[in-house]
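There are 2 protein chains.
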Amino acid sequence: MSLTNSSPTEAARSARIASRKLAILSTKDRNDALTAIHAALSEAKDVILKANAQDLALAERSAESGELSQSLVKRLDLGKKGKYEDMLQGILNVRGLEDPIGKVDRRTLLDDGLLLERKSSPIGVLLIIFEARPEVIANIASLAIKSGNAVILKGGKESTESFKAIATVVSKALESTAVPNEAVQLVTTRDAIKPLLQLDQYIDLVIPRGGNELVRSVKVNTQIPVLGHADGLCSTYIRADCPKDMAVRIVLDAKLSYPAACNSLETLLVDEDALKTVLPAVATALLSKGVSLRCDAPSKSALSAALDKHDATLLQDASEQDFNTEFLDLILAIKTVPKGSSPEESLDFAIDHINKHSSHHTDAILTLEESAARHFQDAVDSAGVFWNTSTRMADGQRFGFGTEVGISTNKIHARGPVGLEGLAIYRWRIDGNGQISTEYGTGGKQWKHQSLPVGDSERLAANDEELEVLREFRAQKAKFPAGAS
Amino acid sequence: MSLTNSSPTEAARSARIASRKLAILSTKDRNDALTAIHAALSEAKDVILKANAQDLALAERSAESGELSQSLVKRLDLGKKGKYEDMLQGILNVRGLEDPIGKVDRRTLLDDGLLLERKSSPIGVLLIIFEARPEVIANIASLAIKSGNAVILKGGKESTESFKAIATVVSKALESTAVPNEAVQLVTTRDAIKPLLQLDQYIDLVIPRGGNELVRSVKVNTQIPVLGHADGLCSTYIRADCPKDMAVRIVLDAKLSYPAACNSLETLLVDEDALKTVLPAVATALLSKGVSLRCDAPSKSALSAALDKHDATLLQDASEQDFNTEFLDLILAIKTVPKGSSPEESLDFAIDHINKHSSHHTDAILTLEESAARHFQDAVDSAGVFWNTSTRMADGQRFGFGTEVGISTNKIHARGPVGLEGLAIYRWRIDGNGQISTEYGTGGKQWKHQSLPVGDSERLAANDEELEVLREFRAQKAKFPAGAS
Chain A
201 MSLTNSSPTE
211 AARSARIASR
221 KLAILSTKDR
231 NDALTAIHAA
241 LSEAKDVILK
251 ANAQDLALAE
261 RSAESGELSQ
271 SLVKRLDLGK
281 KGKYEDMLQG
291 ILNVRGLEDP
301 IGKVDRRTLL
311 DDGLLLERKS
321 SPIGVLLIIF
331 EARPEVIANI
341 ASLAIKSGNA
351 VILKGGKEST
361 ESFKAIATVV
371 SKALESTAVP
381 NEAVQLVTTR
391 DAIKPLLQLD
401 QYIDLVIPRG
411 GNELVRSVKV
421 NTQIPVLGHA
431 DGLCSTYIRA
441 DCPKDMAVRI
451 VLDAKLSYPA
461 ACNSLETLLV
471 DEDALKTVLP
481 AVATALLSKG
491 VSLRCDAPSK
501 SALSAALDKH
511 DATLLQDASE
521 QDFNTEFLDL
531 ILAIKTVPKG
541 SSPEESLDFA
551 IDHINKHSSH
561 HTDAILTLEE
571 SAARHFQDAV
581 DSAGVFWNTS
591 TRMADGQRFG
601 FGTEVGISTN
611 KIHARGPVGL
621 EGLAIYRWRI
631 DGNGQISTEY
641 GTGGKQWKHQ
651 SLPVGDSERL
661 AANDEELEVL
671 REFRAQKAKF
681 PAGAS
Chain B
201 MSLTNSSPTE
211 AARSARIASR
221 KLAILSTKDR
231 NDALTAIHAA
241 LSEAKDVILK
251 ANAQDLALAE
261 RSAESGELSQ
271 SLVKRLDLGK
281 KGKYEDMLQG
291 ILNVRGLEDP
301 IGKVDRRTLL
311 DDGLLLERKS
321 SPIGVLLIIF
331 EARPEVIANI
341 ASLAIKSGNA
351 VILKGGKEST
361 ESFKAIATVV
371 SKALESTAVP
381 NEAVQLVTTR
391 DAIKPLLQLD
401 QYIDLVIPRG
411 GNELVRSVKV
421 NTQIPVLGHA
431 DGLCSTYIRA
441 DCPKDMAVRI
451 VLDAKLSYPA
461 ACNSLETLLV
471 DEDALKTVLP
481 AVATALLSKG
491 VSLRCDAPSK
501 SALSAALDKH
511 DATLLQDASE
521 QDFNTEFLDL
531 ILAIKTVPKG
541 SSPEESLDFA
551 IDHINKHSSH
561 HTDAILTLEE
571 SAARHFQDAV
581 DSAGVFWNTS
591 TRMADGQRFG
601 FGTEVGISTN
611 KIHARGPVGL
621 EGLAIYRWRI
631 DGNGQISTEY
641 GTGGKQWKHQ
651 SLPVGDSERL
661 AANDEELEVL
671 REFRAQKAKF
681 PAGAS
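Going line by line, the protein sequences match chains A and B. Read left to right, the first sequence gives residues 201 to 685 (this note's numbering). Read left to right, the second sequence gives residues 201 to 685 (this note's numbering).
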């Protein structure tokens, strides 16, 4: 890692050059670099915490004068019990993940001796912009190295001293490894973001990790593809047949387990027929935990009648704007789904509401009826479409990715929780022995276009006919020079 | 298809609404729509050719006054023998392709009764901007319907009457199908492109199909992701050990079979040791076909000595700019790869040259040495990295995709020749029965994160243990209501 004082253009250009070297390193070379970083950061704990204390002292003064929030100051503190160790463990966890690079996921025999393969490769150069938490830098550097991508890091100014100390340690650690120093660059100058966002000749992907405002400002200022999400307006739809206990359990988890998270529940849709049967128990539980309920007219009227007097006085009226709002707080908007003339009509009403108002992040349906769930999952155009579980499940760790690069509401490349795989793309390889395009087609040779097994299916198809074709191709390739010309 | 006179915003908004309906249609519904379009266009051939004749007459007048090129006029002519029939056959070909929608390609058992699946879905709304050829409209409409995406089409103004006639026929044909009319919209007003490119709330992906200038102007004017390529500067590297016959055969195909294509050869790299052994035969063959050779000093000197007197006088000097130029013409730049101190050094020189100068479209190496080919394929950062074959193989039809949406030099989503699959993204589905996030983790339940077979491996793993787990999950789901809450 180099702590760069050079111009944004120089930083990006040198990252591009380093990315070429990093891209061809073996899995072992990249893993060894993570081992070296882990060891160096373990050893330098005192030095880094000392730098972190400087950031903290400055932040506390800003908090006293009201410029910074206390919660931000807390997030800065690397000395908090277990935090430094978690950061170190995170590096080892990334090291332990499957290598996302060099995997063949498509294989077609175009003709005898002419094999097409699609093989994963790094994207190139990433620009990752993040906010306060200083431990994120170790996580991001690990992800980039593991996936063979060079990365330019721009962190929040409140962590400057911590970042510099970590970068110095990582830089020294990389010297003993095959990973070039310029493959991980830390930019600390405040005004570097805008020029970096213009460098689409060197930077392939921008990942803003932070709030809504950061993501929006990145998106409008660059032509480089941006991976991430500005909003997380998640909904859950309670169908009339949903068991009361399941509804209470799931809605409480979705709203309360981390209200400031992007996968938390913001809008509850409830079937008209569930307003008096399922909703009262859900509302009572939420109110007892201090959640403000912003109800439309039918749900307010039903709850006013069903709840005890004290709870009923707490109910609020929803405005139209509430159904477009990501509260990130102990507030929930409740929308009634009219009965309509059929169960299908109410289902479509809920789907339309979600497609119109949600941020296409994660939405859930709670029902015992499989056909309703399937229709919901087909028709709701969100990254996550869940049945009988909490929207909070939308998370890379929970999905089993081992780590999370971010959550994407993009419609291309990667959608939903993004693991290491989201930092890879592919190249098309052809191995031939002299074939040319004009010998195929009308009057000429015919394409075989035979799909051959890859990965798991290759392993499983031990006796499969298709595997024989692949073996044959490889055997011929081994005798290759004789076959050429 | 509607031939829209409404505002760009209205067109995009109605396409978005139609896309929701289209997205949930069955494979059969979408295929039936293609059958209907095919039948209607077959029947309306005379009407459409009459409209096309109007375009042609206007274009011919413009060609006489020098405003349009004769080659453009030729491309406009739908009446040319076989062209209309090819257009019709193209619709049936797309109909016959495998459905890219609804395929599960990732399946993880998160816990008992909690299954995560990644399932392909349409992207949403496409904006496709294309130039003269009127038959392209039928192809694009077919691809969009097949992949469940709504599409807004903006074609070149020279084909306006042909487009209108085709749109009217397609629109009427769609009335009898499940595909909503607004799912395919033709915009004919000239000034609609810029406003459409601003509508990122309705449009998910822009595909410019046309020249360099069109692609560049689209890219700088939108924040919507753009799929395509501006340039196709493809190279081929002849190693010293390459058999002469193979080099001649492949280079001629790559340069001559369609010089104006993006996958044609523009720069030839030649090992110093091949200048007198392999290159003279290649150069003689190219010169005899009228190709101008722009040579660097070592290659010119070697060829001047090796070629006959007449051919030698035809050799030209290369400027630095020639190695950054996509000629799209009978011109080839030749660059010598210095011998260096080892074969690895010369290989790296060629790789560096390509990474710096090529447009990351398709590059090839010609050698008998597998290790050199593998290093080239790992280190050259292009969509296509080919060994002993022609760069002209970079093509969706040749890859076996059945059709081609375009060729992408993007670093995310889709790279190289893009088939129908490039018009799909995915959603993450979870099927649960009441699980919540807070019951997992420290002190709670443990995640299973068991990867289960999908697609081919599901078929092949008929007796595999993992398949048993999947069968068990499905059996339990069938008895579902009892298991809930």
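Don't read these hints as lab results, they were simulated from the structure. A few of these clues could be false.
A pair holds if it fits inside one copy or across any two, identical chains being indistinguishable in the list.
[Claimed, not checked] The list that follows gives simulated cross-link-like pairs (lysine to aspartate or glutamate, EDC-like), each with its CA atoms no further than 16 Å apart:
(1) Lys-419 / Asp-400
(2) Lys-221 / Glu-544
(3) Lys-303 / Asp-548
(4) Lys-221 / Glu-545
Each hint, compared with the structure:
no.	hint	result
1	Lys-419 / Asp-400	both (13 Å within a copy, 11 Å between copies)
2	Lys-221 / Glu-544	between (57 Å within a copy, 14 Å between copies)
3	Lys-303 / Asp-548	neither (41 Å within a copy, 23 Å between copies)
4	Lys-221 / Glu-545	between (58 Å within a copy, 14 Å between copies)
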